[in-house]
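Using the sequences and the hints, build the whole thing.
Residue numbers (the UniProt record's numbering), protein chains in the order written: chain E, 1 to 189; chain H, 1 to 189.
To be clear, the hints were calculated from the coordinates, so they are not data collected in a lab. Check each hint, because a few of them may be wrong.
For lysine-lysine, the following PhoX-like pairs were computed, each having C-alpha atoms within a straight-line distance of at most 25 Å [claimed, not checked]: (1) Lys10/H x Lys77/E; (2) Lys42/H x Lys4/H; (3) Lys77/H x Lys91/H; (4) Lys168/E x Lys134/H; (5) Lys135/E x Lys77/E; (6) Lys55/E x Lys42/E; (7) Lys134/E x Lys168/E; (8) Lys134/E x Lys77/E; (9) Lys168/H x Lys135/E; (10) Lys10/E x Lys91/E; (11) Lys77/H x Lys168/E; (12) Lys10/H x Lys42/H; (13) Lys168/H x Lys168/E; (14) Lys10/E x Lys55/E; (15) Lys55/H x Lys10/H; (16) Lys134/H x Lys77/H; (17) Lys134/E x Lys168/H; (18) Lys77/E x Lys91/E.
Note that the structure is predicted; figures quoted are calculated from it, not measured.
2 protein chains.
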Amino acid sequence: MSTKLEERQKQRQDEIITAARRCFRASGFHAASMSQIASEAKLSVGQIYRYFSNKDAIIEEMIRRIIDSRIEGMQDKTVVEGMPQALAWRKTINADDDALMLEMSAEATRNPQVAAMLTAAEARMFTNACAHLKKQFPHLSDEHVRCCVEITAVMIEGTIYRRLTPLKVPSEQLEPIYQNILNMLFSAK
Amino acid sequence: MSTKLEERQKQRQDEIITAARRCFRASGFHAASMSQIASEAKLSVGQIYRYFSNKDAIIEEMIRRIIDSRIEGMQDKTVVEGMPQALAWRKTINADDDALMLEMSAEATRNPQVAAMLTAAEARMFTNACAHLKKQFPHLSDEHVRCCVEITAVMIEGTIYRRLTPLKVPSEQLEPIYQNILNMLFSAK
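Here it is in structure tokens:
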């Protein structure tokens, strides 16, 4: 396969994913059909099917990219630095990614295919987070590392979810409390 | 208004909400229309409009009932008792309510009406939780009580969200860690 063709195919794939993201954001999971995605990407439905065999394949690739970007975003940070601020100030790397994951999660409650994709994505994220944490805290047992990842994941997901409604506490007051929680987690055996 | 008529109206309202919940669970926010809800409730669309002026009014009543039930569920428990287990074992009061709230939250990212309903519902829940906590821990400052409610809400919402994918840590290991976090929260000034 020529490099130019590969590049062209990669670019088309990107355009389709971008269009799909816009459709899901604008109209939700069910209202976004293959033909709507094609029209948004300014391609024919036939062209879309050359790259993705169905809507599930588009969703799978979209989730894969979101998880890749979350894993990448994790790499340049230590866990304790930055995390209390991120939680207290409800910071996000990408609000659109968060909204799309929320959409996929709502769909997962009724759609086993999407539930399986989320399960696989979350397992990949979890494994990466454990490895990342273990590097920073080599003295922690593997078991405790997994508990730390679970609890920080709970706090991150809960914070993302609660970003939908206004924060009722000054972030300055929350930050030291989150700092204490994380210190306690990572100072354990 | 006669009591019999009131009862009849209450019963009809219940039937419509039950039907709407089933529609939203089965097909998502957008796929559930007024006529689909009417058909699920075995009523005419005209009859539905006698009780609810539009789909938003049905959603508002549905959310109100979910929040009422969550507030009621909170009353019989102290916060520290039960909470670490609930988090570690990912217990829920009502999984259908959780899924419906997830559906409404996904919709709230694009729909200002639904976002406003969630904001009002969350504010009511937050105020109730603060009052409930203050009764149990009268020595805590109002400010700290609000921080505690925010952080426990983050942990509860995060746990609900993560229930969609399998837990990768034994609950027995998580429970004492959650217990420590809550002890730390509620022993502060």
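Inset, instruction - Would you pick out the hints that fail for this structure and give their numbers low to high? - result: Numbers 1, 7, 10 and 13, in rising order.
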